[in-house]
Amino acid sequence: MSKIQNLELLVVGGGPAGLSAALAAANYGIKVSLTEEREFLGGQLIKQTHRFFGSEKEYAGTRGIDILKKLIDEVNKNNNIEVLLSSRVLGIYEDNIVTILNDHKMKKYYPQSIIFATGASEKFLAFENNDLPGIFGAGAVQTLMNVYGVLPATNVLMIGSGNIGLIVCYQLLQAGVKVAAIVEAAPKIGGYSVHASKLRRLGVPILTSHTIKKAIGKEKVEGAVICELDSNWNEVKGTEQLIKCDAICLSVGLTPLVDLLKQRKVKTTYVSELGGYVPLRDENMETSIKNLFVAGDVSGIEEATAAMIEGQIAGLSVAKRIGKNSKDEIEERIEEAKNELELLRSGPVGKKIRKGLSKLGLNHGKNYNEKFSEEALDISHLMKTGVPSEENLKNKLPSEEKVFDKGPIAISECFQRFPCDPCVKSCPFNAISENGNINNIPYVDFEKCTGCGICVSKCPGLAMFVIHKNFSETTSVVIMPYEFLPRPHKGEIVKVFDREGKYLCDGKVIRILDGKFQDKTAAVSIEIPKEYYLQARNFKVEEGNHG
Amino acid sequence: MRIQNHPILCFNRGKQIKFYYNGKELIGYEGETIAAALYANGIFKFSESKKLKRPRGIFCAIGHCSSCLMTVDGVPNVRTCITPLKDGMRVESENIGVEINE
Chain D
1 MSKIQNLELL VVGGGPAGLS AALAAANYGI KVSLTEEREF LGGQLIKQTH
51 RFFGSEKEYA GTRGIDILKK LIDEVNKNNN IEVLLSSRVL GIYEDNIVTI
101 LNDHKMKKYY PQSIIFATGA SEKFLAFENN DLPGIFGAGA VQTLMNVYGV
151 LPATNVLMIG SGNIGLIVCY QLLQAGVKVA AIVEAAPKIG GYSVHASKLR
201 RLGVPILTSH TIKKAIGKEK VEGAVICELD SNWNEVKGTE QLIKCDAICL
251 SVGLTPLVDL LKQRKVKTTY VSELGGYVPL RDENMETSIK NLFVAGDVSG
301 IEEATAAMIE GQIAGLSVAK RIGKNSKDEI EERIEEAKNE LELLRSGPVG
351 KKIRKGLSKL GLNHGKNYNE KFSEEALDIS HLMKTGVPSE ENLKNKLPSE
401 EKVFDKGPIA ISECFQRFPC DPCVKSCPFN AISENGNINN IPYVDFEKCT
451 GCGICVSKCP GLAMFVIHKN FSETTSVVIM PYEFLPRPHK GEIVKVFDRE
501 GKYLCDGKVI RILDGKFQDK TAAVSIEIPK EYYLQARNFK VEEGNHG
Chain P
548 MRIQNHPILC FNRGKQIKFY YNGKELIGYE GETIAAALYA NGIFKFSESK
598 KLKRPRGIFC AIGHCSSCLM TVDGVPNVRT CITPLKDGMR VESENIGVEI
648 NE
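So the sequences go chain by chain: D and P.
Mapping the first sequence onto this note's numbering, position 501 (from 1) lands on 501, and the numbers just tick up by one.
Count along the second sequence starting at 1, add 547, and that's the number in this note's numbering.
Just chain D, with the same shape it has in the complex (with noise of 0.2 Å):
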């Protein structure tokens, strides 16, 4: 019989929620035994090679890979901290003795306190056909593509238009993969307006209100039926068409992991806003069993910020309850975090999470700011089609045209309200502002605007242009983000393309922005036409061009 080790806290999962759970907890003393079932440690993290959104505070700017390598390396030399890796936890039982199987051994712990931070999986949708191989999670595409490096197919049909669906499709492009659509079933996309505006621009159409019906192939998938939607949710009879591809991606949804919870006999309700059955807890992420606390997507489906900075929640509540020592300095902490999180979460993207919180009772102590709740822009017409209509685009242009006489002048088109504050924080001209929240629109000062070109490489969700409008008497020069393969060399000619992906007109490459400080979003100024500079959004580099 081996013997069971008494631990002080017990982190299980090693991804953003556990990390962060983990390092609170730690730098405070706490002896903190971290488990991971995988032989790394990163939980989806690993395949997020796209730029967060969120407040600066917490990483917002830099890719999920590039927050996980600071992660990490935090863990790895924080003391306190034993990391278990290739080791599942198996069992939990009603003394909170837990077992963990690692190479072929079982081993017994006996932690004061817990922290499960297991995750979600993904969720799975019925249509004719569904068991082919070619049908995957959009999560196993990003683990292919973006871990090791192999693709799942050549061309990609996306069901769902939530983020996770719309950041892989971006993804797929990068890699090489060819979109055939992202088809969505409700009325309008759901995820953030800029991720799905950066794939219309590439040519990729987005169908809302439209469903598969089933997938066609014989040993893999070969092609796909879909069908367009009416207002009930029921199929359009003769809208059906064949659309081939060699792949299906699902991006339906995401629903926590609460296995583990459940043998426990923690308390668990169903709540659809937040994903499926959720354990109930407290603002300070303890569940219904004492000492045992949750984190991130387990506590209810949301992103890597929030689940990170629940993780701090839950990490530094334990350390407070074990108590070594600074106890007042703790709760301070804590307050922070809860007030980050109530932040993340004030605008019109987190009503659904308010609304999820609520039925468990939750919400913070306070009233969310209803002013920031309601979007300020009407954006209908952007969250149908993913791209903005005239009334927005009016809205973030200069109100006088002679504005664009003084020079370049950069031009946000990001009409969502969202927790996001890069382009506000990377102008060394004060020339952004968000009037003070976060979820608040951001707007550029053309006074102060310089057109310097920072907030094109720095905004999340390539939002950012600058427009020089009289750069001589016949051409404007626009810059546009960039981060495709082959990169453009300086006074080549590129395809130039309006914000539906349609081809406008050739253009020349005259300066590239593509250093460090870029960090693989290179800044490109591409010469048009004049009368095409507000209308010009993206270039392609044809491959081969550089002899």
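Watch out, some of these pointers could steer you wrong.
[Said to hold, decoys possible] Restraint-style ranges between C-beta atoms, simulated for each label pair:
hint, chain 1, residue 1, chain 2, residue 2, range
1, P, Asn-559, D, Phe-429, 38 to 44 Å
2, P, Lys-597, D, Lys-77, 38 to 44 Å
3, D, His-489, P, Lys-598, 54 to 60 Å
4, D, Gln-263, P, Gly-635, 51 to 57 Å
[What the hints assert, rightly or not] Within a straight-line C-alpha distance of at most 25 Å, the following computed SDA-like cross-link-like pairs (lysine to any residue) qualify:
hint, chain 1, residue 1, chain 2, residue 2
5, D, Lys-123, P, His-611
6, D, Lys-508, P, Pro-554
7, D, Lys-352, D, Ser-380
These aren't lab readings, by the way, just hints derived from the structure by calculation.
This structure is a prediction, so every number in the text was calculated from the model and none was measured.
Glycine included, every Cβ here is placed at the ideal spot set by N, Cα and C.
Using the hints provided, position chain P relative to the given structure of chain D.
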């Protein structure tokens, strides 16, 4: 189908190693999973459903959906999507060609 150049990522593949899929010798890299190595070799069918013999491939790739189970070095039902590939490993599809008598 391996990605050679990527605008954001750089793949530091491990040592090239040999493994066997249904007796056939294939090449993979140390550090990748069995499923990734099979996919890179163009193998997408991992098993057949027991009764109707429908083909099965991977779905979740994080060890939760049980769609990628294969027999590895004689051990059945290994989650190939999260099991690292090792030199000389013998990987076999499950249920393919197996008749079930009712």
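How the hints compare with the structure:
no.	hint	verdict
1	P:Asn-559 - D:Phe-429: 38 to 44 Å	39 Å, holds
2	P:Lys-597 - D:Lys-77: 38 to 44 Å	50 Å, violated
3	D:His-489 - P:Lys-598: 54 to 60 Å	58 Å, holds
4	D:Gln-263 - P:Gly-635: 51 to 57 Å	37 Å, violated
5	D:Lys-123 - P:His-611	11 Å, holds
6	D:Lys-508 - P:Pro-554	21 Å, holds
7	D:Lys-352 - D:Ser-380	18 Å, holds
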